[in-house]
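Protein chains in written order, with this note's numbering: chain H, 1 to 540; chain W, 1 to 540.
Everything labelled a hint here was simulated from the structure, so no lab data went into it.
Do not take every clue at face value.
No copy labels: a pair is met if it fits in one copy or bridges any two.
[To be verified] In silico SDA-like links for lysine to any residue, alpha-carbon gap of 25 angstroms or less:
#1 K488 / L59
#2 K75 / Q142
#3 K324 / T14
#4 K465 / E434
#5 K429 / K504
#6 K530 / A424
#7 K76 / G407
#8 K33 / I20
#9 K196 / E243
#10 K530 / E426
Remember, it's a predicted structure, so these values are computed and weren't measured experimentally.
2 protein chains.
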Amino acid sequence: MTNGKKDLVANWQTLQRIFIRPESEASRTALVKYMQQILFGLHDFLKENVGITREASLLELSQQFTDSRINKNPKKKLEDVIRGLIEDIAPHAVNVASPYFIGHMTSAIPFFMVHLATITAALNQNPVKLETSKVVSILERQVLAKIHRQIFVLGDPFYKEHVQNPQSTLGNFVEDGTLANLTALWVARNVCLNPKKGFSGVEKEGIAAAYRSHGIERSVVLVSRLAHYSLRKAGGVLGIGNENILPVDVDENNRIDLAGLVRTVDRIRENDNKTKILALVGIAGTTETGTVDPLPEMAQICSENRIHFHVDAAWGGPTLLSGKYRHLLAGIEQADSVTIDGHKQFYLPMGCGMVYFKDPYIMNSVAYHAEYINRPGSVDLGIRSLVGSRAATSLVLGSALDIMGAGGYGLLIDHGIDTARDFASEIQKRPLFELVTAPQLNILTYRIFPPELQKAWQAAGPEKKKALNNRLNRINIRVQRQQREAGKSFVSRTTLKRTREEDKVVFRAVIMNPMTDPDTLREILDEQEKIYQDSFLSDK
Amino acid sequence: MTNGKKDLVANWQTLQRIFIRPESEASRTALVKYMQQILFGLHDFLKENVGITREASLLELSQQFTDSRINKNPKKKLEDVIRGLIEDIAPHAVNVASPYFIGHMTSAIPFFMVHLATITAALNQNPVKLETSKVVSILERQVLAKIHRQIFVLGDPFYKEHVQNPQSTLGNFVEDGTLANLTALWVARNVCLNPKKGFSGVEKEGIAAAYRSHGIERSVVLVSRLAHYSLRKAGGVLGIGNENILPVDVDENNRIDLAGLVRTVDRIRENDNKTKILALVGIAGTTETGTVDPLPEMAQICSENRIHFHVDAAWGGPTLLSGKYRHLLAGIEQADSVTIDGHKQFYLPMGCGMVYFKDPYIMNSVAYHAEYINRPGSVDLGIRSLVGSRAATSLVLGSALDIMGAGGYGLLIDHGIDTARDFASEIQKRPLFELVTAPQLNILTYRIFPPELQKAWQAAGPEKKKALNNRLNRINIRVQRQQREAGKSFVSRTTLKRTREEDKVVFRAVIMNPMTDPDTLREILDEQEKIYQDSFLSDK
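Chain H with its partners taken away, still in its complex shape (with noise of 0.2 angstroms):
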């Protein structure tokens, strides 16, 4: 390419050079050199460990990177670039794809997304207007339908109208969970604070006057309070404020509280009128239990009350593509809008969120137009999105759909619940371990309690069970951190917080990647034993 580091910018020409299609053999193989040491330099070096080290550590790797100046002239050739981030960044990245990294929702790729990914960089479009994507935004479109369809389950009629009618909306790719929550929230909104005579609604008018205009104080959404902290920040943000998304409480087993649920909208509905329900949630797969809450159920009272009815299925939505664990999701269907990121279990590289509305109208209550783009009755995929410009990533879901089929994503679901279950199972025979919240899907939480300590809590009163509670939490905090920092596997931590009990620090498994295998789990345990066996033998 060139032999100088000033060539390349003392030089127009060769400025000029990396825009265009390079022609020589030479380059060619040049470039295909360099993809060969992406493809293969960064799976050898991620391949040893989880590499989550310690806080120390990574102070001193900070002070690596507090240059805050951009050279005049280039720093680096490309091929110094790509040695530098195989040899010096990727040693340091976190190696989600390691089969011992079960602690978050990251995992394993198939490396055909690489690809997939490669792809629509070099294509390069942009779906929000027709005029720089053409076909990606019909494809776009069709991609959407297919897991509309999986979700709501409309019927041939249904699709055929609306796959391709620029007037419908079936859904919308965004960065992630986050931005559809925000994005069915922001729909909810709309919807319930509707225009009407004398107003013309809350996204020209603003929430005070909506407030005025419906004869209302404030609006809320209620929602399990094992939600996903982006519903607090969604109602930050549209200024219904976070205090509002009002959190109920769970049941035994995670799912929110039916009884209370019903309690709190009725007494909403019978003597509150100046509070309006924007929309009640339904969770998926949550966060840190990964339970599903009871979803026909809710739906019900959505629809005897005409409540907007979300569901963020972030985390669990694929599992509809698994013939044996696709009823877990039952009730999904009644929902009005759903959530599922495609970079959870539908495995593809980071950046794709995806909200769904059953009523592919609306979406209306949320267009924009602009002179430019976005013209009424375009196929400008823009006008009704929360986000503007945007990469096409229906281009690599809708590859990963032909090539994997339903059936494969169903095997990698099953893989996942099957093993969270065996998982369960050992922690069970484990006398060191308490299974804390068992695996509905494929996430489960537990922690260290000791058989000792298990002895002591039967015996012991309120404030004796609020200090062993205060001894285990410390323990498990301990023993998690120093697994994270030996740097072999990484089970996350988190706090359950139950309102009649104390704050539990847990151990959380999250089972996705198909090479974590019982064994895996196993040796996971082993080595937590371990570590509690060094570093509390003086405790006992």
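Here the structure of chain H is known, so what remains is to put chain W in place on it, guided by the hints.
Using the frame of chain H, we list chain W on its own:
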């Protein structure tokens, strides 16, 4: 990889294999071959035409994308999917890389961007939290500091203190400029409607409570009428109401009219104590005309009236890297927040919006925590961010800055502005055309205004002028459409609205592709002249 379709899913071992590093030479060779096809196959297809075709052919095309079922078994092997994307999809995509595509803010990107995007996908880090990104979060902070420094130029001690300080936030990567503007106004709203005695802030309690507590009835944002529609959308989303994003008229140079702005500010501050001004937005590169608002004067107004000053430099931001034209953005360093898009003039692939804040603590007004991530005090970048999970785009921008240097980007900016000025002269030389808005940066608008109609215009009264203008609009709409449908080149079209003038339909040219030179532009004008002559000969 696999021999038949059924093998791919019927067999769990086969499915697992796609998640691990291929060890056999044959598999590795195949993966590299696919990458080679992607790199050069797409280039080959894209080199021919711009390819925005007629609506009719689009309708035909869309009939091939109506199947909304997901196959149970895999439909295609990876090889066939890649071939399909290259042979069936790419030819119907838009060749945004063509030098003749001068209609939108999307263009050719350097080929190395594709490599960098591939690395990002392969590493698949998620910067929402340190536990899924580690060094990438640190690198992101450094990249943010580099751009922050270009904007605000705050000196060594500032950047030394903040570049790696977990308590500071210099900016965010988001999906696009729309979300960047939304983030900026979200922060501005929360700072303006801040907590006070008996009120815990708008983020917690919502807009209605905030207005009650602050004793107001509405809040507004002042922008030029040429502002991007995302600002109106942000007003809608944030609960302010998009009608309260107040457009201020522009002067004869399409910059916000300062006298009008001052009048509006004074009127609100002196006579309307029920209205608060949340923010004032200056534009550094309007979408339609590429003009830069008078930033120093606007900064002065904001400073005198203690109003948040946001600059939407989604388009113009990278001009800061040009020694020759940096001065065009003077005053931006006085902004409180700034939007810049990486996928525009940093030539990154889609999906790189950015927002920057001068005050490294101002984003505390939008901080969110959760039990499992984003714990207070952690380095988790998701604490203060609209979006949660997202791709590690900083890897791409950071590497691109190393490869290009400020100097390389500067040359690209200089080329765009110089070429646009040259194009403006050429337009002025040709009798058939009228230059409507001269380029301040690298965007200009013009229209066909045949000499005989110019003559008629000079003699016409108001009614006649209206009729003539309508006729001109029809001519320009038709020529733009015919040129687009011919598929050789693409100039976009917009309608310029001024308060005291008729709506003017114009061609809009965005000169950012380094392969677009004066010859290209002359060819585009030649084509427009020919289309006009062929189509409107009978009109004359």
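Now for the hints, and whether the structure bears them out:
Proximity of K488 and L59 under a CA criterion of 25 angstroms is satisfied intra-copy only: 20 angstroms inside one chain copy versus 54 angstroms between copies. In this homomeric assembly, K75 and Q142 come within 25 angstroms of each other (Cα to Cα) only across copies, at 15 angstroms, whereas the closest approach inside a single copy is 44 angstroms. Proximity of K324 and T14 under a CA criterion of 25 angstroms is satisfied inter-copy only: 20 angstroms between copies versus 58 angstroms inside one chain copy. Proximity of K465 and E434 under a CA criterion of 25 angstroms is satisfied intra-copy only: 16 angstroms inside one chain copy versus 83 angstroms between copies.
Proximity of K429 and K504 under a CA criterion of 25 angstroms is satisfied intra-copy only: 21 angstroms inside one chain copy versus 77 angstroms between copies. Taking identical chains as interchangeable, the C-alpha atoms of K530 and A424 lie at most 25 angstroms apart only when both belong to the same chain, with a minimum of 19 angstroms there against 75 angstroms between chains. Proximity of K76 and G407 under a CA criterion of 25 angstroms is satisfied inter-copy only: 13 angstroms between copies versus 46 angstroms inside one chain copy. When the C-alpha separation of K33 and I20 is checked against a cutoff of 25 angstroms, the pair qualifies both within a copy, at 18 angstroms, and between copies, at 21 angstroms.
Taking CA atoms no more than 25 angstroms apart as the test, K196 paired with E243 passes between copies only; the shortest distance there is 16 angstroms, against 27 angstroms inside one copy. Taking identical chains as interchangeable, the C-alpha atoms of K530 and E426 lie at most 25 angstroms apart only when both belong to the same chain, with a minimum of 16 angstroms there against 78 angstroms between chains.
Going through the hint list in order, the structure satisfies each hint without exception.
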